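Undergrad: If you want the building blocks of each chain, they are given just below.
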Amino acid sequence: MVITEPAHSPLDSRSYPDIGDYAVIGDCRTAALVSKYGCIDWLCWPRFDSPSIFAGLLDRERGGYWRISPADSCSIEREYLNGSNVVETRFRTPTGTVALTDLMPVRDGTKSVMVADHEIVRQIACTTGQVEIEIELVPRANYGEKLPPIRDFGKLGIRIENGHGVYWLRSSLPMEIKDSGVWGKATLGAGETLVFSFTYTENAPAVLPALEQIPERIDTCIKWWQGWTAQGQYEGDFRDEVMRSALALKLMIFAPSGAIIAAPTTSLPERIGGGLNWDYRFCWLRDASLTIRALIELGFWVEATTFLDWLLHATRLTQPELRIIYTLYGNRPPKERESDVLRGYRGSRPVRIGNAARDQVQLDVYGEVVDAAAQFAFHGGDLDREMQKVLVGFGDYVVKHWDAPDQGIWEPRTEPRNHTHSRLLCWTALDRLIGLNEKGKLSGIPVEKYKKHAEAIRTQIQQRAWNEKLQSYVSELDGEKVDSSLLLLSWYGFEKPDGPRMRATYRKIRERLSTPEGLLYRSEDLPSEGTFAICSFWEAEYLALGGGTTQQTRDLIKTLTKHRNDLGLYGEEIDAKTGQALGNFPQAFTHVGYIGAALSLMQRETGEQQLAHRPESATPQPSHPKQEA
Amino acid sequence: MNWGSWILSGFIATLALSALLVASQGLRLTRMNVPYMLGTIITPERERARLYGFFAHLLNGWVFSFFYVYIFQARHMVNWWFGLLLGLAHAFVLLTVGMALLPSIHPRMASERKGPTARRQLEPPGFMALNYGYRTPVSIFFAHAAFGAILGSLYHLH
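Heads up: the sequence lines are chains A and B, in that order.
Here our numbering is used: the first residue of the first sequence is 533, the next is one more, and so on.
Here our numbering is used: the first residue of the second sequence is 4, the next is one more, and so on.
Among the hints, erroneous ones may be present.
What the hints assert, rightly or not - Simulated pairs of lysine-lysine, DSSO-like, Cα-Cα distance not exceeding 30 Å:
| # | chain 1 | residue 1 | chain 2 | residue 2 |
| --- | --- | --- | --- | --- |
| 1 | A | Lys1090 | B | Lys117 |
| 2 | A | Lys1040 | A | Lys1109 |
| 3 | A | Lys1013 | A | Lys1040 |
| 4 | A | Lys717 | B | Lys117 |
| 5 | A | Lys932 | A | Lys1013 |
| 6 | A | Lys932 | A | Lys984 |
| 7 | A | Lys984 | A | Lys971 |
| 8 | A | Lys971 | A | Lys981 |
| 9 | B | Lys117 | A | Lys710 |
Stated by the list, open to error - Which chain A residues stay away from chain B? Per the calculated CB distances, all over 12 Å, these:
| # | residue |
| --- | --- |
| 10 | Arg691 |
| 11 | Trp700 |
| 12 | Asn735 |
| 13 | Gly862 |
| 14 | Ile966 |
| 15 | Ser975 |
| 16 | Ser1060 |
Simulated from the structure, these hints should not be mistaken for laboratory data.
Model, not experiment: these values are computed from the prediction.
Positions of the beta carbon are idealized from the N, C-alpha and C atoms, including for glycine.
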């Protein structure tokens, strides 16, 4: 996608781009955010959850950044190149045009050349006229807390020491060290190019890439991404959008373990100037089921399988009990702390590092993980003996604890309550285990015991989570409020989407939680924040599953598509007034939502089976699109 | 020369040296990774380089232990502190002469004068291997002192 921005002056060091002004680049180990003004404002090396070296996103003056952009006013266009995660930003100035290419080379197992452990490659090429270029690299280690020493090593490059690790900046332009940063300026004529390599190493002598190989390496990286995208099997009407969401999701997968993070950033605010700022660089089990379904049905079996392996094996230290979040290698996330240095995106304080949700209890995670395994098995995957044992352990845990209060899907920092969504997922866990057993995919479960408890949960939800006066399911047992997670009652097969209770609940959600533009807030309880993007995709999927017509689904997906940024990326939330992205960016779960809604729509239109994991009793008879019209 | 004693004590001392060097990396005292540096002489591929380099380092340690043993025999003296002194001397030569010569010998190591090329991309060690972290000389001295001391303790004169 290409858009044209009005001419403007390059940002000064104090102003913040919109959250949606960022592109993400990555190497499936970590990711960096590049603004459309050519500035890398977020980078944590070597992993997603490592301390930052650039955090200008959270403090323009103290966070650190790396800018390459024209000195003059310019208009800007940008796009991801040819189905890849390589971003090209074109700056058009009064005197000429330059194209900036940004990427993190992916390790593809190439054995004939040495490769840097971690690297960002940037190339700026003048295509027409003459353009003056400015380069500033201002490193600030450990979330802006440390000014790392910088030293010029001549032909080897510029070295930035950070404790046990070392950064190397190599450039085809001589750079100058000044004021604890690195600076450069050049005037490029048509056909002239500057290349930059920024690497990080902490376990061995660094590999210092040869600059003359950079153009070839950019092509290699684009081809790698194209090869990956070519595996995608979606053939519906939203192919470009779906594949962009898949590419964004791939960037959140930590290749060495298979874990999937929620987002590569911390503390981008859900309310500008407010305190709803959280660290999302961890793996939430809650996202497992919808994510596995998206990956499998798009044809990305390797990612789905490694993610399921991670889910069942990395969580082993706590099994059968599950925490709600884990680090990339299945450990407990660090204790939450607030940064003393970073002042937050547009003053949104505090900046949090670590996540206190690590201490919460959420009973829904068992259903999410079991359902993910069921998705895998019902699509033809095999559950080995060890996996089966783990799943039965989860089932037994659910039998003992399903009736307990918990913090629920929205993680409010309040006392535990009896959340309908948590009960739904406890029922899902037992129902899927019974289903797996019936289909010969799982043995060794106490079927009658699971059936008895599944029925008890069903009865409780139907009696106490249904509010007769309100004519709707409600967020908490015996409660009076609704939240968007109730849309998932159909997704998990508890209620038929076209059943009277589900339709009535949908109407109530629309009445209480929707905006005039058709977006959804997640809950009535939460403090003022943006609309929650995934909830709108749950709505679209609810419509696609039979709660509405295909035309309604298509219209809603089109509306939601307008709220992506120019590169096709979503944040966690969408500001109802401005349409701007809010919250951590980009958000894996939102992209999973897009993929899910588009898949369900396509499946309904082609008459394919939707959501293989649901019991048949919860699946409406597919109607032909023409009949609906 | 007590060949049997040399083979055994050389092997044990080399294993201890390797373990100490790996530990000092794990403790983040240094980025110097001798197996990786040796292995990249043979292959550019990271994992293979580490594996090949480990065996090359083992062989290397054995060869060097021969010179220690030769000195023990020539001086008719062997004990842990004499071995330790030899180890410190060995480390000093390695850090000064060895590290200075390495970019010329290693086919994939960049030179500070010419910079990296398509083939030579490995960061050179610099004076006393300080490019790999300012605590590198400490870990090298310590590991080699231990190597010599173990050899001096275990070897029996012929």
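Undergrad: Now look at each hint and say whether the structure bears it out.
TA: Hints and how they fare:
1. Only pairs whose Cα atoms come within 30 Å are accepted, and A/Lys1090 paired with B/Lys117 is rejected, the gap being roughly 56 Å.
2. At roughly 22 Å between alpha-carbon atoms, A/Lys1040 and A/Lys1109 fall within 30 Å of each other, so this suggested pair holds.
3. Our distance criterion of 30 Å between C-alpha atoms is met by A/Lys1013 and A/Lys1040, whose separation comes to about 10 Å.
4. As the CA atoms of A/Lys717 and B/Lys117 are separated by approximately 24 Å, the hinted pair is consistent with the 30 Å bound.
5. Between A/Lys932 and A/Lys1013 the alpha-carbon distance is near 28 Å, which keeps this suggested pair within the 30 Å criterion.
6. Distance hint between A/Lys932 and A/Lys984 is fulfilled; the C-alpha atoms sit about 12 Å from each other, no more than 30 Å.
7. The straight-line distance between the Cα atoms of A/Lys984 and A/Lys971 is roughly 19 Å, inside the 30 Å bound, and the hint therefore holds.
8. Restraint check for A/Lys971 and A/Lys981: satisfied, since their Cα atoms lie roughly 18 Å apart, inside the 30 Å limit.
9. Under the criterion of a C-alpha separation no larger than 30 Å, the hint pairing B/Lys117 with A/Lys710 is consistent with the structure, at around 25 Å.
10. Against the 12 Å criterion, A/Arg691 falls within the reach of chain B, whose nearest CB is about 8 Å from its own CB.
11. With a least beta-carbon separation of about 8 Å from chain B, A/Trp700 fails to lie farther than 12 Å from that chain, contradicting its non-interface assignment.
12. A beta-carbon of chain B is positioned within 12 Å of the beta-carbon of A/Asn735; the least distance is around 7 Å.
13. Listed as a non-interface residue, A/Gly862 keeps its Cβ farther than 12 Å from every Cβ of chain B; the least gap is roughly 20 Å.
14. Every CB of chain B lies more than 12 Å from the CB of A/Ile966, the least distance being 44 Å, so the non-interface label holds.
15. Every CB of chain B lies more than 12 Å from the CB of A/Ser975, the least distance being 38 Å, so the non-interface label holds.
16. Residue-level check passed: A/Ser1060 sits 45 Å from the nearest beta carbon of chain B, beyond 12 Å.
Hint check: violations occur at hints 1, 10, 11, 12; the rest are consistent with the structure.
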